[in-house]
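Participant: Chains as they are written, first to last, in our numbering: chain A, 1 to 150; chain B, 1 to 150; chain C, 1 to 150; chain D, 1 to 150.
Since the hints were made in silico from the structure, they are not lab data. Every residue gets a Cβ at the ideal spot worked out from N, C-alpha and C, and that includes glycine. Please note that the accuracy of each hint is not assured.
Quick list of the computed label-pair ranges, beta carbon to beta carbon [to be verified]:
| id | chain 1 | residue 1 | chain 2 | residue 2 | range |
| --- | --- | --- | --- | --- | --- |
| 1 | D | ALA42 | C | ARG95 | 38 to 44 angstroms |
| 2 | B | ALA96 | C | PHE120 | 25 to 31 angstroms |
| 3 | B | LEU134 | C | GLU38 | 34 to 40 angstroms |
| 4 | C | GLN26 | A | GLU54 | 55 to 61 angstroms |
4 protein chains.
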Amino acid sequence: MIRAVTDNDRMQWQPLWEGYLRFYRQSLPPAVTDSTFERLCARRDGLFGYVAEEAGTLVGLAHGVVHGSTWSRAPVCYLSDLFVGPAARGTGVARALIDAVVSEARTVGAAEVYWHTQEFNGRARSLYDQVGELRSWVVYEVPLTGETPG
Amino acid sequence: MIRAVTDNDRMQWQPLWEGYLRFYRQSLPPAVTDSTFERLCARRDGLFGYVAEEAGTLVGLAHGVVHGSTWSRAPVCYLSDLFVGPAARGTGVARALIDAVVSEARTVGAAEVYWHTQEFNGRARSLYDQVGELRSWVVYEVPLTGETPG
Amino acid sequence: MIRAVTDNDRMQWQPLWEGYLRFYRQSLPPAVTDSTFERLCARRDGLFGYVAEEAGTLVGLAHGVVHGSTWSRAPVCYLSDLFVGPAARGTGVARALIDAVVSEARTVGAAEVYWHTQEFNGRARSLYDQVGELRSWVVYEVPLTGETPG
Amino acid sequence: MIRAVTDNDRMQWQPLWEGYLRFYRQSLPPAVTDSTFERLCARRDGLFGYVAEEAGTLVGLAHGVVHGSTWSRAPVCYLSDLFVGPAARGTGVARALIDAVVSEARTVGAAEVYWHTQEFNGRARSLYDQVGELRSWVVYEVPLTGETPG
């Protein structure tokens with residue numbers, strides 16, 4: 001079952017979030033995680049979150065960020081984070097989570113959903129090749145603070 | 001001179017915006033352009049804009065979008081659009097415009113500035129390699145409306 | 001005007017074909033060019049060709065090859081060659097030629113049109129990004145004869 | 001042992017074909033699979049197929065499509081599908097299957113063999129770098145029907 005994340009999910013959401021960050025060899029200060037979880041539940045700053053629940057256990061998460069665009073009056077939606085725990089992989093959970101984010105984006109009138117992935121992440125890209133359209137873009141960043149490890 | 005775009009710039013901003021869109025073989029409905037210009041000047045929806053002015057003539061533009069992030073309490077800043085008119089290329093205008101966006105991002109406390117460019121745009125990337133850090137990302141999109149041509 | 005290539009076009013088709021090959025720093029034996037032109041006109045071996053004509057002058061060409069597929073009962077169509085002479089570039093001729101090949105492919109019941117381009121050919125890709133969908137593929141070849149320079 | 005696929009192989013060929021499609025997260029209507037198998041055995045529409053057999057068990061498959069070319073009088077050969085079952089990986093079966101397709105292509109006078117693979121499929125590419133030559137191409141597609149999922 002895919003559903004919006006709520007305050008009550010913190011205990012089970014946290015290890016998924018940490019597994020996701022570990023995949024990217026990142027860690028975040030607890031205050032950042034606290035803020036992120038709070039804003040996902042409160043749908044503040046454009047953030048929203050979905051979780052996949054199976055028999056009372058959370059097995060996956062997906063986070064979106066809705067934000068303005070100069071190319072459309074409508075906002076766009078960034079699929080910021082997607083993670084499925086090892087035991088639930090290969091069962092369609094990732095796709096269902098993406099579908100939930102796309103559906104939410106449609107509901108709020110977003111013009112598109114977009115996301116980034118490592119070019120060499122074959123497992124993820126073999127799914128993304130099915131549900132999205134690959135763009136001819138590369139991504140550059142200028143880090144401004146030590147806070148974002150991305 | 002790099003300065004924030006204002007309501008009075010519409011006549012000169014418009015051909016730069018159209019030149020930029022033409023580069024990407026895009027065109028946008030006038031209502032989208034109207035909305036974008038208005039929001040850039042009013043700094044609404046996280047949008048802001050800078051222009052490069054030389055002897056009273058606008059020769060370049062850069063637009064940013066500040067939005068929330070799940071990886072930091074601070075927002076991040078998307079450098080959405082960057083364009084320098086043909087006559088002013090190779091004179092450091094693009095870099096000065098990027099610097100202005102980065103400076104604004106720093107001022108509003110953003111954790112990072114990021115942008116997309118075509119992987120095959122050698123001219124742009126030779127600059128971006130100097131001012132930013134290449135990420136190993138590729139970008140996927142799910143278009144939801146006909147409004148965003150990107 | 002976009003129309004099918006005919007036997008009478010040889011004199012004007014040839015310099016376009018040679019301009020196209022020169023772009024790829026290739027040359028082909030006259031017997032290959034003779035065979036290709038004959039088969040394009042006769043629509044033999046799955047080959048077909050379109051030319052763009054302006055005021056009696058040919059300014060562009062596009063060649064397709066229809067062939068079998070293991071993923072569909074319907075054949076697929078390879079957009080093999082596309083070239084627009086320097087004077088006619090930027091006028092929508094390339095897009096009109098692609099449209100003609102896609103239309104022909106549709107007429108013969110093909111399941112898809114696909115093509116290759118150099119990853120660094122920004123001019124071509126900025127168009128292709130508009131009319132087609134980028135795939136996550138790379139291409140490998142084993143040359144078997146000296147005949148194909150590709 | 002590498003040998004041409006025959007009508008009698010259907011029972012063992014089918015799970016390999018399905019494993020191959022599952023790798024690409026695809027499924028095809030039974031009528032497409034029926035048609036593909038029949039044409040591979042009958043060598044119709046340019047299609048042909050090889051299987052790897054070990055102690056009476058099929059452990060791999062490779063399919064080719066011979067089709068016309070505008071760059072050579074001779075046809076070219078597309079290595080369309082290649083799959084080795086999990087238990088037989090790392091034993092040289094994939095290479096032997098490619099060799100069989102290349103050999104068949106040579107026999108029918110093809111000018112080259114070419115194939116596509118996901119840019120992020122490191123396992124496959126480490127083999128392809130040995131047996132083929134990487135081209136600087138990217139691939140674009142225009143899907144025309146719902147039949148081809150590629």
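Participant: Each hint should be assessed against the structure and marked as holding or not.
Facilitator: Now the hints, each set against the structure:
Restraint check, ALA42(D) to ARG95(C): a C-beta distance of roughly 39 angstroms satisfies the suggested window 38 to 44 angstroms. Here the CB-CB span from ALA96(B) to PHE120(C) is close to 28 angstroms, well matched to the stated 25 to 31 angstroms. Range check, LEU134(B) to GLU38(C): Cβ separation about 49 angstroms, and the 34 to 40 angstroms hint is violated. Between GLN26(C) and GLU54(A) the Cβ separation comes to about 57 angstroms, which falls inside the hinted range of 55 to 61 angstroms.
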